[in-house]
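Chemist: What follows is each chain in one-letter form.
Protein chains: 2
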Amino acid sequence: MRPSLGFYVTYTLSLCLGLLCLLFVSCWSSLWRGGFSWTGSPLEFNWHPVLMVSGLVVLHGNAALVYRVPFTWRQRKQTWKLVHAGLMLVGFILSVLGLYVVFDYHRGLNLTHLYSLHSWVGICTVAVFALQWILGLAGFLFPCSPLCFRSNLKPVHVCVGKAILILSLISCVSGITEKLQLVNGSSGEPYSSLPVEGKFANFLGLLIVSFGLVVLGILSKDNWQRPETDGEAIHVNKTLSRSAFLHLH
Amino acid sequence: MRPSLGFYVTYTLSLCLGLLCLLFVSCWSSLWRGGFSWTGSPLEFNWHPVLMVSGLVVLHGNAALVYRVPFTWRQRKQTWKLVHAGLMLVGFILSVLGLYVVFDYHRGLNLTHLYSLHSWVGICTVAVFALQWILGLAGFLFPCSPLCFRSNLKPVHVCVGKAILILSLISCVSGITEKLQLVNGSSGEPYSSLPVEGKFANFLGLLIVSFGLVVLGILSKDNWQRPETDGEAIHVNKTLSRSAFLHLH
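Heads up: the sequence lines are chains A and B, in that order.
The first sequence begins at 1 in the numbering used here and counts up one residue at a time.
The second sequence begins at 1001 in the numbering used here and counts up one residue at a time.
Bound-form chain A, shown alone (with noise of 0.2 Å):
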């Protein structure tokens, strides 16, 4: 099989868009929002949307789309599974910063945990990108997982993947539009005057929906899909080919 312009395309879309992600969210927390500073301060707050964006949304899309990169189908698939768990866990290990520093903020502040829609859809969605990567770990890393265990959990950690997606999609966008309701007018400006660093963060919200959007999009793409060679996927291409025939006969 050989690899689609259009894939090249999207793929260096994705790579950009999420490059301006992180550089955006870095930009919003350090020239609008005063920088960032360890346990005790404030500042310690400004943490949260640069370690949730790049653990929850951009870590994991490039993680999700590791398989699809084709000069990755010449080598092993058990290679690209380390790296791709491997990914997952660091933006798992960045979203669970993002978690402990907002509470920690919280608990300086004595302000209330986890009372906005915003926490609780992030909050379901780091626990599903947890309970998503444990079990990806013991259905495609252990050696000694059953092979019916693979092939049934293989349809749904793809389909749980691209649920963590949107949730994280979800609860960045949600975030965002939190907290720039909670500054409002804090810097001089109100919100609704859509002040620079109104509209600067409107369109970091835009480049990270934009980022998830072309990740889902790429991953919707069967003929993107790395070209299977295992057992466990002979099997699959058995199947759909035999539901193809049935089809035309």
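Any given hint might turn out to be false.
As the list claims (entries may be wrong) - Below, a list of computed lysine-lysine pairs in the BS3-like style, where the Cα atoms sit at most 27 Å apart: (1) B:K1081 / B:K1154; (2) B:K1179 / A:K179; (3) B:K1179 / A:K221; (4) A:K199 / B:K1154; (5) B:K1221 / B:K1077.
Please keep in mind that the hints were generated in silico from the structure rather than gathered at the bench.
All values derive from a computational prediction rather than experimental measurement.
Assemble the complex: chain A is given as a structure, and chain B must be docked to it using the hints.
Modeler: Then chain B, alone, in the frame of chain A:
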């Protein structure tokens, strides 16, 4: 192809979640936000969430699932194309009405239009919805549309349809977040103390997300698709069958 029990369970779940979304959003507007009114009253705004959740989420999601319902498989696809397009049109009209009421409300109170991230994502969603409907009509319902345009449009139409649903979920959750922050404490207790309204609207947000994810889950299951019998579908099946054959040999 026999419809599976798994489909019926998941489809029933989507119907229940859709109905709960409509119930919850109507209760939120009527019980906590003062009910509904037409042009000229601040209560006009309360139509906005109801119209958007009904049009962009519940009707859009159900229209997307029309071809998956097994009892429709014995009938002509053309009939169900008309039902699909009709439901989508009603959903689109409701979402345009939802935009109208919010613009009219802003005009009445001299508020700025389109400043928030929620409004940016929301307006993009409705614009893409309009484009998708027009292209769908031109490609799949106009008898004179060329077969090559139709077969190239189909995967794009499916992909953009899913993207519109994801954008709708993001718009709705960010809209609920924005509204809860804007009316924070207006009914006595602040949002951070999680009054009944806060819990109720947060739960509405989770229902909307769950509905969207269940619909996207159903759409992602290839073996729950309507068995294709039209000429254009046989062409696609032939290509699939050839590709599966090449995988195996």
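Chemist: Decide, hint by hint, whether the structure agrees.
Modeler: Evaluated hints:
1. B:K1081 / B:K1154: 13 Å, holds
2. B:K1179 / A:K179: 13 Å, holds
3. B:K1179 / A:K221: 37 Å, violated
4. A:K199 / B:K1154: 35 Å, violated
5. B:K1221 / B:K1077: Holds: B:K1221 and B:K1077 sit about 19 Å apart, inside 27 Å.
Violated hints, in rising order: 3, 4; the structure is consistent with all others.
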